[in-house]
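Residue numbers (the numbering used here), protein chains in the order written: chain A, 1 to 158; chain E, 1 to 750; chain V, 1 to 281.
Hints listed in this document are in silico derivations from the structure and should not be mistaken for laboratory results.
Small disclaimer: the values here were computed from a predicted structure and weren't measured.
No false leads were slipped in.
Chain V side only, calculated, beta carbon under 8 angstroms to chain A, not exhaustive: (1) V2; (2) R6; (3) T29; (4) M32; (5) G40; (6) P43; (7) V49; (8) G53; (9) H54; (10) P99; (11) A100; (12) I104.
We put the CB at the ideal spot given by N, CA and C, even for glycine.
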Amino acid sequence: MKKEINFVLNKKGVNITTDPLRRLLDILREDLGLKGVKEGCGEGECGSCAVIINNRIVNSCIVAVGTVEGAEIITIEGYRKTKQYKLLEDSFAEAGAVQCGFCTPGIIIAAETLLRINPEPNENAIRDAISGNLCRCTGYNMIVEGIKIASQKGKGLW
Amino acid sequence: MKQKISIPIKKSDVPEKAGGSAKYIADIEFEGMLYAKTLRSDRPRARINSIKIPELPEGYYIVDKNDIPGKNRVKMIIDDQPFFAEDVVNYIGEPILLVVGPDKEKVFEIVYKIKVYYEDIEPIFTIEEAEKEKKNPIYGDDNCFAEYEFKKGEPEKAFATLSYIVEDEYSTDYQEHIYLEPQGVVGIYENGKVTVYGAMQCPYYVKNALLQAFGWDENRIRVVQTTTGGAFGGKEEYPSLIAGHAAFAAVKTGKPVQLVFDRNEDIEVTTKRHPSSIKFKTALDENNRIIAMDVDIKIDAGANAGLSDVVLQRSMFSATGVYNIPNIRVRGKALATNKVPSGAFRGFGAPQVFFAIEMHMYHIADKVGMEPIDFKTKHILMRGDTTSTGGLLRSEVKLPEIIDTIDKMSQYREKYEKFKKKRDGLKGIGFSLFFHGCGFTGSGEKDLIKAKVKLKKKKNDKVEILVSNVDMGQGAQTALRKIVSYSLDKPIEHIIYENPDTDRVPDSGPTVASRTVMIVGGLLEKAARKLKERWNEAPELEIVERYKQPEYIRWDQKKFKGDAYPEYSWGANVVEVEIDPVTYEIKVLGIWGVYDVGVAIDEKMLRGQIEGGIIQGLGFATIEVMNIKDGKIQQDTITDYIIPTSKDFPKIEIKLIDNPYEYGPFGAKCAGELPFVGAAPALASAVQYALNVPIRKIPVTPELLLSYVNLINKPQNSKELRECLTTEHVPPLRDPEVSGTEIAELKETS
Amino acid sequence: MVSAYRPENLKEALLRRKEFRVIPFAGGTDLMVKGRRWSGLAPHFELPVLFIGHLGELKNVELEQNCLRIGSCCTLSYLLENENMPQAIKIALWMFASPAIRNIGTIGGNICNASPAGDTLPVLYAVNASVVLKNTNGIREVPIEQFIKGVGKTVLQDDELLKEIIIPIKSFDTIYYRKVGTRKANALSKISFLGLAKIKNGLIEDIRISFGAVAPTVVRSMEIEDRLKGKTKKYIKQIIPEICSQYSTLIKPIDDQRSNAYYRKIVSLRLLKHFLTKDIL
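I would like the entire structure built from these sequences, with the hints used as guidance.
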């Protein structure tokens, strides 16, 4: 049975009427057309579908949309408009952190939620922060480097 | 000397990928698109007696073997794989039919309601069973998709005269690709023409498969690659199968049909790395020099032939590693079993064999009382030597420099000595040497591929690259644009590369075996230089370049004699580990790699290949466990089939040795597979050194190491090693229930 | 059919619980995976779910004089960041899944799942946690080892919700936690081991030992622990084989896709022995 659900998505209010058990991932991708949120596994293991909900990283494939009533959600589509994103994008390019790119939006989200609370993370903190984001191309070191570069260049930004 | 082209530039696709605007196949919506779900066999081997299908609501369809206009076989080396099962199924997950319709909920429900009535047939699950079973083989009369043998020198004579012989047997298991983007295609039928969009490595493989399946005229089939989220070989041959599915469905329904796998479906039914069993028999003379080697390789191909024939060939051509051995016999078999078909995966049969040969060399070194690095170095191939197939090594083989460099970087010898004399926990260090044969086997480029590339100069002075090779993350679009830009002396922004569309691009061959840079890049370099000369001839120009085999290549495909590959890339790895004395978990402390890939087209992108390849290789060597029990994959979710995370392995130190290849673009050879190949043997050697037990199998899991516990306490181990282990050691139990005698043993060691 | 209820408060949630058979749904990290079908489709459950993860009454951590009360719907991240959380719990939480899972997964969910590999369970057993179950009539408090009955089985009644977890306050000098996982992060446990000890004047004043993922429920034995209390290092060294043998009868692991029974059993005992010989004294 459908229910009305309200939340804030990328700074804009959203009101939808749908089955509250549907996955947030499907709402974002299918109902709202936000295809930057990727489905890599559908069971919360790979982090490709990561979004920010109330300032924290969450895998949208295991979130029932009925549970995000009143929440504030940021997806890569909202985040990519920020200065912080631009810096992360440049730093990732500089570090060679992007190969096939399927995991990248999720990892950018993980980087943002890390830098937000820890603007100068050490290597361990970076590895912890992206430990729920699988990448099969890079072996991670170049991603870790990308986040380090962003942190160094982004003094005062986070 | 560093070449100018090697200086890194930013990959051009970063903004769209990082920002999430890049469109992968699942991100593209076509108007009126229907969704397909596959009904699959849940039996490893059975006859299909009947299929009961519920009444279909309007707008819903079944697509099966009867909807294939041409041949119900996926075009491959041997056409044995049906698009949809006919009267028998041969593995759990084999496609039987599709349910197609507009509402996923209903499609799902229909699939759920279909009943298939089977009559089970005795299945064949292992290489041994496949060899034995002659009454009811899966394939041919001996279950063998391919069987080869080749020789060099006079191995029989050598074995007859030499008395010091070392024999070993090794095995490797499945590995799943886990490209982050699951497989997916969309089929469209418009105006009598079928178009398939999808994630793939080889648009023309797909096109050719569709041509055979439809039996239509060439211009009625079109294949377009969409941004591909990783492949590693997994999107080499497999997409041909599902492209067929989506295309048949599109033709039947008249609507676009999307077939995108969920992850777990992808794990269960797509191809994997071939499990292998590899035996060595090696004869040495009184100077501890290897005089002859006999290698017997068996790979588990699964239910269909797929590419197993060529995977087997590559494994055979890698059998004796980087070593110069005068007398060789290599035998190989690819066997049919009732399991998911094995297929292409980064390294293509070579990683299995390099693990085995490197461990075998280590074992022999131990036996003759030499350090592995010295024993291996004593046998390395050099320029002027011949390979196992008798191909002459024309270029300089820089292995001595590679070995010296990696030793300095990793302090391998120093640590090896240190760990030998004094134990600091259960530390070990391992070393591997390896090559990768670049591109297709022998004269495959000339005889099979016949690559053709096109450069198109446009009115606005921009130049478009028209090739069928794809960017699947490795950076082909940046690398190829870089090659053209440097050859033309035009800014890279002026060079256009778009995802291949078979209606626009010539067949420059598949995106495999690192041939994209070496072969296709080489052709583009030539084309670009021609274009440069003719630049002012006309506002619009088209240059077509076709592959011409370098004169030096000699290859007899029947006898496996000559240059098995046009050229080789070389490398060495060192891995340092520490084993937890309580749990036997392996912690990797350091990773080093030195590579000769000719010249790097872009050092950063190359580093990306190396880093990613090593970590994939270490995953293969350690944590990536996949067992099939009664035909069913036990680790069939991404929660249970695990790949490395950011915390599993440390930083990697890498150095490149320049060694330009005359026929490669800017001197480039192959680089994609090479880094994968050496990781597992280096890791396994380090573990072997730490525990002083022979590692004969990967993945090296803590469970495997525990099973060696009784070997660990063998008397010839050093006192330190024994002490280090026995203080922690609870003796192994034959049964999980501890028996009285075992408790007594426990007491003794405490 | 109603697929989900979203009550405004705990009272309403308990009323729903009383009126209908529903599946309590806190973070949903496990349920959403269990019920999944196909990309694009809502997960399927036999019963409607009752969202409770948002209920403020279930999200507090309160420090009382002798105990800590943890609301069942506190997320694992929230607990990890809470200054009052005992160190032993923090260590277990730190190794729990990934940041994104910890951000919505709840402690109550992990308990009620009653998975043999549930990563909060060994520590909750070891610290003598109890759970408070509430229905519309009132509450009852049940020790955790009595709450969990088997794989996926608890004594939670159809009309009850897990309200909070009570942890008696007690400090330990030694915390030895080992999660032997399938990999180094974001992993499921093959074995987990927790040893806690408090030493006074060379004698063991208190000791707690629990094992996860090696039997249908967490293995902990008060009887064996009692034998170790008040003893010296020397004495313990002597009786290690006996202790191992006693635990050995309680540890009943299985072969599965992540490890095998043999490894689980041997390594559990090795971890125990390591704790008793190296770590505590």
